[in-house]
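Enquirer: Dock chain B against chain A, hints included.
2 protein chains.
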Amino acid sequence: MRNLFAAVCCLALARPALADEGMWTFDNFPSAQVKARYGFEPDAKWLDHTRLASARLAGGCSASFVSPNGLVLTNHHCAHSCIEQLSTAKRDFVAEGFLAKTEKDEVRCPEIELNQLVGIEDVTDRVLAATKGLAGGKAFNEAQRGEMARIEKQCATGDDVRCDVVTLYQGGRYHLYKYRRFQDVRLVAAPEFAIAFFGGDPDNFNFPRYDLDFSFLRVYENGKPAKTEHWFPMSPTGPKDSDLVFVSGHPGGTNRKVAMSELELERDARTPGRLLYLAELRGLLTEFGKSSAEHKRISSPSLFYIENSFKALQGRLAALNDAVFMTSKREAEAVFKKQVAADAALAAATGPAWDTIDAAMKRYRPILDRHMMLEGGRGFNSDLFGLARVLVRAGDELEKPNEQRLREYADARLPQLKQRVFSSAPIYDDLEVATLDFSLTVLRRTLGADDPLVKKVLGERSPDELARALVKGTKLKDVAVRKALFEGGRKALEASNDPFIVLARAVDAESRAVRTTYEEEVEAPVKRAHEAIAKADFALHGTSTYPDATFTLRLSYGQVAGWTEDDGRVVPPLTTIAGAFERATGRDPFKLPKSWLAARAQLDGKTSFDVATTNDIIGGNSGSPLVNAAGELVGLVFDGNIHSLAGDYGFDARKNRTVAVTSSALLETLDHVYGAKRLVSELRAPVATK
Amino acid sequence: MRNLFAAVCCLALARPALADEGMWTFDNFPSAQVKARYGFEPDAKWLDHTRLASARLAGGCSASFVSPNGLVLTNHHCAHSCIEQLSTAKRDFVAEGFLAKTEKDEVRCPEIELNQLVGIEDVTDRVLAATKGLAGGKAFNEAQRGEMARIEKQCATGDDVRCDVVTLYQGGRYHLYKYRRFQDVRLVAAPEFAIAFFGGDPDNFNFPRYDLDFSFLRVYENGKPAKTEHWFPMSPTGPKDSDLVFVSGHPGGTNRKVAMSELELERDARTPGRLLYLAELRGLLTEFGKSSAEHKRISSPSLFYIENSFKALQGRLAALNDAVFMTSKREAEAVFKKQVAADAALAAATGPAWDTIDAAMKRYRPILDRHMMLEGGRGFNSDLFGLARVLVRAGDELEKPNEQRLREYADARLPQLKQRVFSSAPIYDDLEVATLDFSLTVLRRTLGADDPLVKKVLGERSPDELARALVKGTKLKDVAVRKALFEGGRKALEASNDPFIVLARAVDAESRAVRTTYEEEVEAPVKRAHEAIAKADFALHGTSTYPDATFTLRLSYGQVAGWTEDDGRVVPPLTTIAGAFERATGRDPFKLPKSWLAARAQLDGKTSFDVATTNDIIGGNSGSPLVNAAGELVGLVFDGNIHSLAGDYGFDARKNRTVAVTSSALLETLDHVYGAKRLVSELRAPVATK
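The listed protein sequences derive, respectively, from chains A and B. Residues in the first sequence are numbered consecutively from 0, following numbering that gives the first Met the number 0. Residues in the second sequence are numbered consecutively from 0, following numbering that gives the first Met the number 0.
Warning: the hint list may mix true and false statements.
Note that the list lumps identical chains together, so a pair holds whenever it fits in one copy or between two copies.
As the list claims (entries may be wrong) - Heads up, simulated DSS-like pairs for lysine-lysine below, C-alpha to C-alpha not over 30 Å straight-line:
| id | residue 1 | residue 2 |
| --- | --- | --- |
| 1 | K476 | K289 |
| 2 | K526 | K137 |
| 3 | K474 | K289 |
| 4 | K361 | K310 |
| 5 | K482 | K103 |
| 6 | K455 | K137 |
| 7 | K590 | K471 |
| 8 | K417 | K490 |
| 9 | K590 | K100 |
| 10 | K455 | K471 |
| 11 | K534 | K361 |
| 12 | K289 | K310 |
| 13 | K590 | K605 |
Just so you know, these hints were derived from the structure itself, not from any lab. Remember, it's a predicted structure, so these values are computed and weren't measured experimentally.
So here's chain A without its partners, still in its complex pose (with noise of 0.2 Å):
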């Protein structure tokens, strides 16, 4: 960790950035410099056609196209909702996995949309305007807002256009980008859980590592297949150890330019809250798996997002408590300082912006766990009251003009928000009682028994009563009432006496005012400021630099490389197939499905399964392809190794690992082990039609 950190030190103060770090957007891509280190320079067609054949699931991971007829190729664990939502106690597709054997056996996923990027549009100026004059504040806040709706508006022409205004480089720039979007999304393969985590939890960010972490999804138009003009052919050979490969994918977020005193709140209070609420939960919902076969199986994405989460997170804290990683961010900000202070144009400009962002924080840390509490999820952790919320909110938000909305109810949104209200997706009892009582009890320890909302909430109720009653009492599983109620609008909720809608009224204000207080005191200032750091670096250092990750499209190059640890072993950057064999104890997390023992001596096991590149990227890249310079998909990413969870701080080129499936393993498999012909012929097809 030690020289993790050294090396972040000296990157951070050194620009452009070196080695392969960088999530670059499309429009700002280093050919240059990808053409100086590894002799390919990627050109405006093969950028274009690269930001055209990848793809979003807009709940949170990458993919791509693969086939021209809407074939899209992403990992078991992006679409892993949906396979539950699909299965029933009686079928179970997350262990058993899931085949279509014809076009008609393709089932719809009730709550996956998918977006391409088609278009970037600079808008920073329009916004500016917007905002001219305005300090941080409530008058800033809904100027923003209102003009960011304005335009989106504008933009969206139907539901199947996505207009969104993405904040770049903390405020430096402001971007409109634009989706096709497809929220007809059908389910066409997915292996069983236990190949796609084939070593669970312990093997999770590790490697050498052996998940065939897949899913083929499709996207449809008008109820047929929708034609995808970009695509990425599969290269049955896959990656070899030094091969120059491309991510292209949408990096959730990453915190490598925020001030100190972030990341300070974030080390000493966000990090820590999150990581105790996800580890107690995890442990109720681990023991909740035990009591019967169906409560493990509905409680399974749950605890695998924890799972995943905790571990992520354990690593960013491990950063954030490293002494020596904070000693060079804070010399790093010192001089960057010294650097604006020392030209007075610039320092004029710049203003009191770290003074304000330190202001901003302490005005959030007495706030944080009741803004955690009621608007993150925390207090009332369950479907039905999500559900809730979003009626009663709608049917107040979208009485208002759009530009005044609370950001997630404008025009330009409803399709999303519809899409999630109307889902089909199952909601079990037994789950939501569960998590609800946690989360209420969680609620009145956190906020007091004496708190006036949680007297509210509770009454004399203990938070295991109330959340039967809730859940015994409400009739919003029924879609048909969800859709009456929404389209009944703000009379119809307020006549409801649904409990959820009743108690999700009862906590609006509440959650609205810490919501605003957040919004105004908080964020509008630090946005403020940071445009202005942005300015001074911009002033400064130049453009030629990435911006923070945003969950937007990004590129990221690099090439096939184990790594050295530092006690001196060697990691290989390539796995095979018979090392899953070799790994296999019989037992969970450790067990190969049947499938692949009653295939395993039709498998070729020197095929290479799992590989390690130097790309850099972060949670939400999972599914992103993984591209070689002819255009071709060597691998399907699904992890970074170990030392990657630093990466939301900084990146070490030495370590710092991204991890995929390889093309040839996905082929070898369909064919060898899963008898999946209709599929493997759909990607074997002749290029000659991209």
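Expert: Just chain B, lined up with the frame of chain A:
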């Protein structure tokens, strides 16, 4: 928090301690200071009597004698595990309460040992002579351990005498504490858990409070109630606002005088690690308890302990994450270092003490997780494993000379060891499997699936599979089997194929190895360095100060007082019995027991119930008598307020409060709720016998 630590800062710099700060040893009590502040000067007789009327529960609590016939008062939560151990699925004394109608009905607690401090001797010279010239390391460690074992053995003339060499002032002094030891301790009375811990986790560490957290025990000698010459008569009126009060008890441990790097390790690694472990186990046990009434009953003592520890540790972590506090500590250390450096002789004698500690912490960090897993109980969380380990180690250690053994196997410590190994306390299979499965999972997660020890422990089995096999296959639940193995010694243990014995033997070498590394490369150099720092501290500031708490008898003085919160809310120092009825909701944890509801008309609602005082206490003080100048017991300490949680690192007289049950509430409810006539007449007996 900010203000608290501003105060701490100044207190740390200005010596002797101001306000009511201090957990004073009885041989260095600041009677003159008390006289100056409160007009009463405790003399030698008063101090001796108070010391001898005080007691310690060796498992981690305080207590006092309250009659000449061995009657002992402590908290319900201090006897909670005994009350649970005496219960069955059919008769749950935790839920129902316990009252011995006659002496014959008093039942022996399987694992309670009670100690009465009869003598203190300074053995600093002897200990230092044994380690003279040795740098902190292996030789130092062995020499010190050997000398301590020799001193203790010479002192411990029988099983009824307990002798501990205690390290005070982080190594500035070594004292020999000699106790009268009672192992026949019987349960006399305890109320229902619902009123002992009314308000549960939400109200824990909070005030106003309404807890009747008491239990009565009795010490026996030769099958008869022991005669106890020194005891506290119980005040029928209880404490009043502003009364001078003393707490005589056994604070478990504080870290007010440790080095900055020790605090930082605590903040960055130790406390977060412990909290995360507890959080997950808490979630697990909460859900475990929901599967049946019996599961709830058998998991409740563990869960109670975990919830309490969790809240306490969270309070401590908040203090460590407070930048103002840490800065004040850092500055205080810098001032002290400067003072030392300015004095050539002192500087030479102190040497690089702080650097030594810093280096030891750096050495500790990479082995901390392994140390906690293998020696801190986290990797094998199981009563049966604990017993197996003690047996295996006893087999090896008892063959060695007394001075060369691990400290807990020295001759003077054997009575405790035997009490544990031969305990008749029940062990529950389901609970064993649950906690063992959990801890083995954490072991694998923490050390990695490829760690050789993890592979040796699990083989191809899953944690759950191994846990079930161990619990099913063992005979260690049978006390006779344990006795035979203990008496059979190493040979019998090596011949045993009991699966827990086999496991404990299999991991012993690796476990001892990490313990040795810790003791020789972390603990020993830190001790040596602190000896030097303490010497410098005495030279510069004198000895009129108190040492950090070490679970040895201390006396604290203070007064009955409420406090004012930062938001201006005034918290009065006393609650009433009527208040409990007002706070009750009829639902756990705010549900009054039936006995209270039935007795409501007989109770005087105006009787004071719980009380807050300014005494400086910490965990371990639970069960301490709250005594007035006249030597009457006016209360029974059971908690601190929320601000007291930072007391590990500093004391803020403005807000840090001790919380106790008043003697008036005890007498009122024994009389009118529990009809405990025998007990009341013993407590109200004329004081002439005193």
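Enquirer: It remains to establish, for every hint, whether it holds in the given structure.
Expert: Here's how the hints hold up against the structure:
no.	hint	verdict
1	K476 to K289	both (25 Å within a copy, 25 Å between copies)
2	K526 to K137	within (12 Å within a copy, 56 Å between copies)
3	K474 to K289	both (28 Å within a copy, 26 Å between copies)
4	K361 to K310	both (28 Å within a copy, 23 Å between copies)
5	K482 to K103	within (28 Å within a copy, 70 Å between copies)
6	K455 to K137	within (29 Å within a copy, 61 Å between copies)
7	K590 to K471	between (38 Å within a copy, 24 Å between copies)
8	K417 to K490	within (19 Å within a copy, 72 Å between copies)
9	K590 to K100	within (26 Å within a copy, 59 Å between copies)
10	K455 to K471	within (20 Å within a copy, 48 Å between copies)
11	K534 to K361	within (24 Å within a copy, 40 Å between copies)
12	K289 to K310	both (22 Å within a copy, 27 Å between copies)
13	K590 to K605	within (20 Å within a copy, 66 Å between copies)
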